[in-house]
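Read top to bottom, the protein sequences are chains A and B. Residues in the first sequence are numbered consecutively from 1, following the working numbering. Residues in the second sequence are numbered consecutively from 357, following the working numbering.
Be a bit skeptical, because a hint or two may be false.
[What the hints assert, rightly or not] As a list, the in silico SDA-like pairs of lysine to any residue whose alpha-carbon atoms are at most 20 Å apart: (1) A:K286 / A:A347; (2) B:K753 / A:S140; (3) A:K83 / B:P751; (4) B:K753 / A:K128; (5) B:K753 / A:S141; (6) B:K765 / A:D254; (7) B:K766 / A:K128; (8) B:K766 / A:S140; (9) B:K766 / A:H292; (10) A:K97 / B:K766; (11) A:K97 / B:A772; (12) A:K286 / A:H234; (13) B:K753 / A:G230; (14) A:K97 / B:P737; (15) A:K97 / B:K765; (16) A:K128 / A:Q186; (17) B:K765 / A:S140; (18) A:K83 / B:K766.
[Stated by the list, open to error] A few chain B residues facing chain A, derived, Cβ under 7 Å: (19) T731; (20) A743; (21) S746; (22) A756; (23) I758; (24) Q762.
[As the list claims (entries may be wrong)] Estimated spans, in silico, between C-beta atoms of each pair: (25) B:K636 / A:H112: 26 to 36 Å; (26) B:P751 / A:Q226: 37 to 47 Å; (27) A:H6 / B:G676: 31 to 41 Å; (28) A:S275 / B:R668: 12 to 22 Å; (29) A:S17 / B:R668: 47 to 57 Å; (30) A:S17 / B:N686: 33 to 43 Å; (31) A:H199 / B:L831: 43 to 53 Å; (32) A:A116 / B:P751: 26 to 36 Å; (33) B:L831 / A:A171: 44 to 54 Å; (34) A:N69 / B:L833: 42 to 52 Å; (35) A:H6 / B:R670: 49 to 59 Å.
Bear in mind the hints are in silico, worked out from the structure with no lab data behind them. Don't be surprised by glycine CBs; every beta carbon is placed ideally from N, CA and C.
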Amino acid sequence: MISIRHLSKTFQDPDGSTVTVLKDVNADIEKGEVISIIGPSGTGKSTLLRALNMLEPPTGGEIWFNGENIMAKGYPLDRMRRKMGMVFQGFNLFEHKTVLENVIYAPMELLHFSEAQAKEEAMELLKKVGMVQKADVYPSSLSGGQKQRVAIARSLAMHPEVILFDEPTSALDPTMVGEVLSVIRQLAKDGLTMLIVTHEMRFARDVSTRIFFMNEGIIYEDGTPQQIFGNPVHSATKAFVNRIQKLVYEIDSDEFDYLQIHTGIIRFCIKYNLSDKAEPAYALVKEMLFTHMREYRPMTLRLTHAELSGETALDFMVEGLTSSPLPAGALEGLRAKTRGVVEEPTARGFRVKLLL
Amino acid sequence: MIRSLRYLLSGFAVLSLLLSCKGGDEGTLVLRSDDDLRGLTVACTNGNYYEHKYSAREDVTVFAANSEADALQAVRQGIADVFVSDEIMLSDADMQRLGVRKALRGEESFEVAFALRKGEAVLMRQLNDFIASAPIDGIVAHWIEGAPAVPDAIPAVSPDAAPLRCITCLNMEPVCYFGDGGQWKGMDVEILQRFAASVGRSLEITFQDLGAAVIALQAGQADLVFGCLFATDERRQSVDFSDPYFRCHPAYFVLDKGAASKVSLKERLRINFATENRWKLVADGLLETVKITFFSILLGTLLGAGICAAKRSRRRWLRGLAGLYDDFINGIPTLVLLLIMFYVVFAGSGLSGSLVAIVTFALCFASSAGSIFDTSISSVPRGQTEAGLSLGFTPLKTFAGIVFPQAMKKGLPLYAGECVSLLKNTSIVGYIAVQDLTRASDLIRSRTFDALIPLIVVTVLYFVLAWLILRLLTLFLRKK
């Protein structure tokens, strides 16, 4: 249905500098697929979506929709967009029209539905998204979640072949995310073709038939949810889907600022809800730096936390080392204080990993 | 409702301010010579001989008003002590009615003549020949001393004849005044009528203050300036004078406390509006003001839409041009622009003052309307456009059906305010001799010397017009 070939997009700032957001995107999307596009911020997920319906015209490559090159000069974009709906992060309901008017406006103007026919269908759609009661109110009196459900109904009213969802829950209070996601879930069950840019990992894993992991302006990894979440090929994908957070210190000499490390660890632990691990982690850092590994400078200290699996670990890495720096007697004591100790060589040196 | 009420309240505030004005309460002044003016405030018309004379005297304060009527009013209100003018300006009946007295008749006398553009030798010769041969003394005697009119009738002139375009700086009996039926009358007018007929031209008279009249004369928009003009040497530097046709003595008028008679409100209304059908002046002025306002708004709105389009254009030079236009319009006072348009840009184009006024106000209105449209459209979030496009509307339909209605809702209050502001600004068109509402009150005031009643009526009329504009635009918005 949609083929993307070597798509690129470069933004030009008024001062003349350029930013390339999409480098070389290639993908084929078939009818009935539900594709979630995930990835770190600023990697071009939304830009890709907005390029697909030409709201953000790409600077290179090709987009084919139903066998036609939509980037060709003179291609009737308005006709194409009737078949390719879009739901925005900011809802973008027409503020001067009621909920019902928002839904019937485009079908009446563009598909030439009679008012009765458009209204009947609109009420059907509003029922589907649970907004029938609010048909005659203006958008300004709706909550964010309600607005987004109306926006979905408005998009559905054009009978699109595919709907693009651009971070549909990012502007919502956490309490309202659920109501919108359940509407999208229902659409997926109905077999509607959808592309969804989202940060809701669990939702992406549950609802999609396919996941695009975008990173650095390309589709870094493309696969089923099982592949992407269970067994990703690239480490960047793994770090992202596990949502691994890091705290890193380079320790060059014995004059390092250990008070700074102390506050850093406490802050990190509070942020990720690990307060009970803060003091034990700091005690271990002190033990390792001042007792077991006192001779190894420079070294890198890293505290990591995978949000999805809940795994927390302290890494101590020394470059150029080929065997474990731990003294013979230390291992027993450390094992008693942690959930496990891993000693492993890395590409550039050796790492001691303490699981907390 | 509350808005209308508030409007009424502010109206009352203005009226009570006007009504609170009262005259001074000193005793009647006695003058033996103009040395006695020491320490007093002398009122006279801006730019005339007396202003020049008394400005040079350090012991006298000069109040230079825009017309004889305003100068006299200053004395009646106690702002000035003495009104200096030509002796013939006020008849005994006038003085009685207005509560003033002639305190002194000046010894010196001045030659009164017609002013022509410098170097108009042919017209000058015709005029001087006429003054030498015509029954001038008879005309003067008729208007000044009440002698019977000169018997021979004024010959009729074909209406197609080239008009002699004259500007009077005076609207006062018996020299030159706007009389019954909208006809100019008086001593000077009769002389000019006879002269024009003798050279086979029709006569066209407009009323302006002296400064504007001289500019118009020099710009070639008028052939002759008159109205009891003194032929002084200073004036000869900028205009040529005909041979004198009259000699005039100055007179010093002061407030006559003893004789001041109270005129009833009904009588004042009669004098200001019923006599000589003066209400027609107000009605015509009102129509003129409405006409200029309406067409300026219409034309200015269209132009403003164009400027708004230029401001939002992708082409940098168009945006620059629109910005330049704004700077240009903002940098010039509306009145100055109006004068430039009339006396420089459209001089000699034959365009009427009303049309020039409409063009000028439209140009000014376009600048502010363009900015209002631009900011209103910008205030509609970009997402509204994107939503429209993503549903499959063309860019044009998206603008017309989604962005524009929302922009209008936001911009209309500002736009309505700008319309009212334009209405009020039109009160300056008198400067280019267009007889609008304000000018109508000027004309009546200069005839009746009553500042209060015409001003109040005009104030009320402007209030009603402004209220109507706001009301109509609000209704228009509700319908949408």
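Outcome of the hint check:
1. A:K286 / A:A347: The hint is violated at about 26 Å.
2. B:K753 / A:S140: 23 Å, violated
3. A:K83 / B:P751: 17 Å, holds
4. B:K753 / A:K128: Violated, because 29 Å separates the two Cα atoms, which is more than 20 Å.
5. B:K753 / A:S141: 27 Å, violated
6. B:K765 / A:D254: Violated: B:K765 and A:D254 sit about 68 Å apart, past 20 Å.
7. B:K766 / A:K128: 34 Å, violated
8. B:K766 / A:S140: Judged against 20 Å, a Cα distance of about 15 Å means the pair holds.
9. B:K766 / A:H292: 71 Å, violated
10. A:K97 / B:K766: 15 Å, holds
11. A:K97 / B:A772: Judged against 20 Å, a Cα distance of about 24 Å means the pair is violated.
12. A:K286 / A:H234: 34 Å, violated
13. B:K753 / A:G230: 48 Å, violated
14. A:K97 / B:P737: 15 Å, holds
15. A:K97 / B:K765: 13 Å, holds
16. A:K128 / A:Q186: Holds, at about 9 Å.
17. B:K765 / A:S140: 15 Å, holds
18. A:K83 / B:K766: 33 Å, violated
19. T731: 17 Å, violated
20. A743: 4 Å, holds
21. S746: 4 Å, holds
22. A756: 11 Å, violated
23. I758: Status holds, d = 6 Å.
24. Q762: Check passed: Cβ of B:Q762 comes within 5 Å of chain A, closer than 7 Å.
25. B:K636 / A:H112: 26 to 36 Å: 58 Å, violated
26. B:P751 / A:Q226: 37 to 47 Å: 43 Å, holds
27. A:H6 / B:G676: 31 to 41 Å: Given about 38 Å between the Cβ atoms, the range holds.
28. A:S275 / B:R668: 12 to 22 Å: 54 Å, violated
29. A:S17 / B:R668: 47 to 57 Å: 25 Å, violated
30. A:S17 / B:N686: 33 to 43 Å: 34 Å, holds
31. A:H199 / B:L831: 43 to 53 Å: About 49 Å separates the Cβ atoms of A:H199 and B:L831, which means 43 to 53 Å holds.
32. A:A116 / B:P751: 26 to 36 Å: About 30 Å separates the Cβ atoms of A:A116 and B:P751, which means 26 to 36 Å holds.
33. B:L831 / A:A171: 44 to 54 Å: At roughly 37 Å between Cβ atoms, A:A171 and B:L831 fall outside 44 to 54 Å, so the hint is violated.
34. A:N69 / B:L833: 42 to 52 Å: Holds, at about 45 Å.
35. A:H6 / B:R670: 49 to 59 Å: This hint is violated: roughly 27 Å between Cβ atoms.
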